[in-house]
Amino acid sequence: MSYKAKFKVWRGEGGEGRLEDFTVEVNEGEVVLDIIHRLQATQAPDLAVRWNCKAGKCGSCSMEINGKPRLGCMTRMSTFEEDETITVTPMRTFPVIKDLVTDVSFNYEKARQIPSFTPPADVRPGEYRMQQVDVERSQEFRKCIECFMCNNVCHVIRDHEENKPAFAGPRFLMRIAELDMHPYDVADRQEAAQEEHGLGYCNITKCCTEVCPEHIKITDNALIPMKERVVDRKYDPLVWLGNKIFRRPKS
Amino acid sequence: MENTLNIERHEYDVVVIGAGGAGLRAAIEARQQGKRTAIVCKSLFGKAHTVMAEGGAAAAMGNVNSEDNWMVHFRDTMRGGKFLNNWRMAELHAKEAPDRVWELEAWGALFDRTKDGKISQRNFGGHEYPRLAHVGDRTGLELIRTLQQRVVALQQEDHETHGDYEAYIKVFAECTVTRLLKDGERISGAFGYWRETGNLIVFDAPAVVLATGGIGKSYVVTSNSWEYTGDGHALALLAGANLINMEFIQFHPTGMVWPPSVRGILVTESVRGDGGVLRNSDGERFMFKYIPEVFRDKYATTEDEADRWYTDQANNRRPPELLPRDEVARAINSEVKAGRGSPQGGVFLDVSSRLPAEEIKRRLPSMHHQFKELADVDITAEPMQVGPTCHYIMGGVEVDADTAAAAVPGLFAAGEVSGGMHGSNRLGGNSLSDLLVFGRRAGAGAAAYIDGLAARPKVSPQLVEEARAEALAPLERSGENPYEVHQELQRTMNELVGIIRKAEEVGEALEVIEKLKERVRLVGAAGSRIYNPGWHLALDLRNMILVSECVARAALLREESRGGHTRDDFPSMEPEWRRKLLICLTPDGSSITVKEQEQPSMRPDLLALFDTEELKKYLTDEELAELDGIAKS
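Chains as they are written, first to last, in the numbering used here: chain A, 1 to 251; chain B, 1 to 633.
Some hints could be false.
What the hints assert, rightly or not - Calculated lysine to any residue pairs in the SDA-like style (CA-CA distance at most 25 Å, straight line):
#1 B:K616 / B:E576
#2 A:K143 / B:N3
#3 A:K6 / B:P260
#4 B:K115 / A:V186
#5 B:K95 / B:Y129
#6 B:K170 / A:F94
#7 B:K515 / A:A41
To be verified - Stretch-level coverage of chain B by chain A, calculated; a stretch enters the list once three of its residues show a Cβ under 8 Å from a Cβ in chain A:
#8 223–234
#9 249–261
To be verified - Now the in silico label distances, taken between C-beta atoms and shown as ranges:
#10 A:D134 / B:G163: 36 to 46 Å
#11 B:G34 / A:H155: 43 to 53 Å
#12 A:E196 / B:P365: 32 to 42 Å
#13 B:H159 / A:E191: 19 to 29 Å
#14 A:G67 / B:R491: 33 to 43 Å
#15 B:T403 / A:T85: 51 to 61 Å
#16 B:T311 / A:E127: 22 to 32 Å
For the record, the hints were derived by calculation from the structure and aren't laboratory data. This one's a predicted model, so the numbers in the text were calculated from it and none came from an experiment. Backbone N, C-alpha and C fix where the C-beta goes; we use that ideal spot for every residue, glycine too.
Generate coordinates for the entire structure from the input sequences, incorporating the hints supplied.
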């Protein structure tokens, strides 16, 4: 059944903005993104929002709904009371371009700093042989739709601009774990995870896991195992000695 | 504010428009061949519609059934397209798809595995053997992420060598191209705007690869995202290229029907490939009633045989739920029209009674998630309700099969925006492989074209000025809200040029389109140039109207039913029409004319892959006589 809902939507550009009030029709089965679209079509044609697939598969419509990071397309209106005012704001960790659209270039820069998949030189395409059980660990992380809500919610950078240069965020620490667990990846990633990408900043509060729309266990399955791998290596006396003796100079 | 002289300007060898599978694969190839390459994408990098592909990429690797090979794949593709396909494209596609899939693995893709550690392959509609390389039901995401990460890997190489990540390949994200630029007959660049700032941008480049996907946003019920506004189709038309097969639109048989706000969102064919069945409100497994004559000997006629096929494919025929998509979509449409639909206006798709709950969650995780979150339906416990949704356009830019070159020198097209490969109907799984095979060929074609150029074509200041005026016009008018015009276009196409067509209805649609053209000239966009969706839609409308007119005009002319074109008033498939392609072009930049062109005959060695009995269903007597002559000589 249709009803009128109260919305507060953050509007603004160029570093300034405010919450604007709207009263808008809601129909059965609709999600928050539908309501934003209805606002565009009927009241605010220039209201900026990112979206693509509207099915929770592309990770474009990340926003904060009543203060919680959510995908607009996967947040059903039926989860709110009809008389509840719903507040929609842009992701807080990234600079606002306009309204609900933020500048997420931070994430693309971090992606570029992680060395790519490095297979052994002598395996040709078509020759890869892997067991399902061995690919499943990395496959979980490859479900990531890059909505960047884990990076948005992570307290290391959410209110700490100064940590951004030294911290890749859960998304890209998980990418390192994904590659480290790839059966054919031969690159050495563990030291860099700690030294260059800020794995040590993570103190496993699991906020990232909580907001992940793909339900990836980012902390338990990627970040903690990665921390263990780093620690094993750092404090294993044999590995330590080997590193001291055989370590090749960086090319 | 910029004028023609101070617009931001970039020089590249190749500009790829679109960053889905085809665009990224084209860009990777152009860069690997040493060309400076720009990737222009309407959204953020990695969000293109390819992420929505679920089932897999068809490639005859023979990992699950060693009987499979390119010839079987070729035959399936031609059958699926009802022999209207560009056979050379179908041949190249079938031959090269395995290499393209294996290459992804070397770039980091992690496909599901067989027991012996190879890439697993699944069954899909119209494919004789299990053929689709897949990752659960999120194969498109894996494909786009792998290609995106390959682009990054190349950028890292360039950073090592040149100290600049973007020395040879740069992504222009949230940037929309509104015009192609030409120097005489040749492509010389492209013109567009940044969404983020509204600033204009000019690309100076001798080669442009179109990889913009489809046109679904001209319809109300569609599985396509907002980007699918026919941009590449329209850019090609306006640059003087031809579109072919525009009357053929694939309505995917299984889209969600409820809740209304998600109507049209795709339910993957893998549900049926993995055992799901379609039932009407009487509980009848109705697809057995809809096996068409041409496929009569290839599909099971009883439920027992169909069910045995999942475990013993050598001795049983396939279940009719796995007929090509056009057949299944029409069948569902008929059941609903006959009053045997589900409460929410679709039919039932049930996998809950066919597989254990855990198995469903493992094989179809995103379907489980999607229904749970969006419709409150647990697909392991109850059936889904599904109905046809506008999914894919077989028609597109007419290209040379080997180089992906369009008729305009310097223009190339790959993926959904190109036409011919899939004939009148595309098989599921043939899209992801198409992107890879022809994306690579388009990148290579563009590189070879540039190498053969004597002089670099020049960007004409006058064309830039015209493009500038056109792009800014909606901001300078206080006209009608573009959303209203868009909604009327969508309703019109859905109701009058949808899955079943009639001459008078299509004629009516053309009248509406004429009126909408006038309204599009007057729409206004309030607000600033910064990330202004009303303005963006006003510009996209030009493209949607152009392609909608192509679809409607071609649909009116083709007086037969074949694949993704069903005429209520001409229900049978006519061999004479198989020899004819309908070509759309726009001489004046606003109205569409259609002409007939003869389909070239298939090469004899490819014809020899089919039984004469089967060919009789498709070819004219004249063609069969010729064939007889060849056989005897």
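Item checked: Structure-inconsistent hints, enumerated in ascending order -> Violated hint (a single one): 2; every other hint is consistent with the structure.
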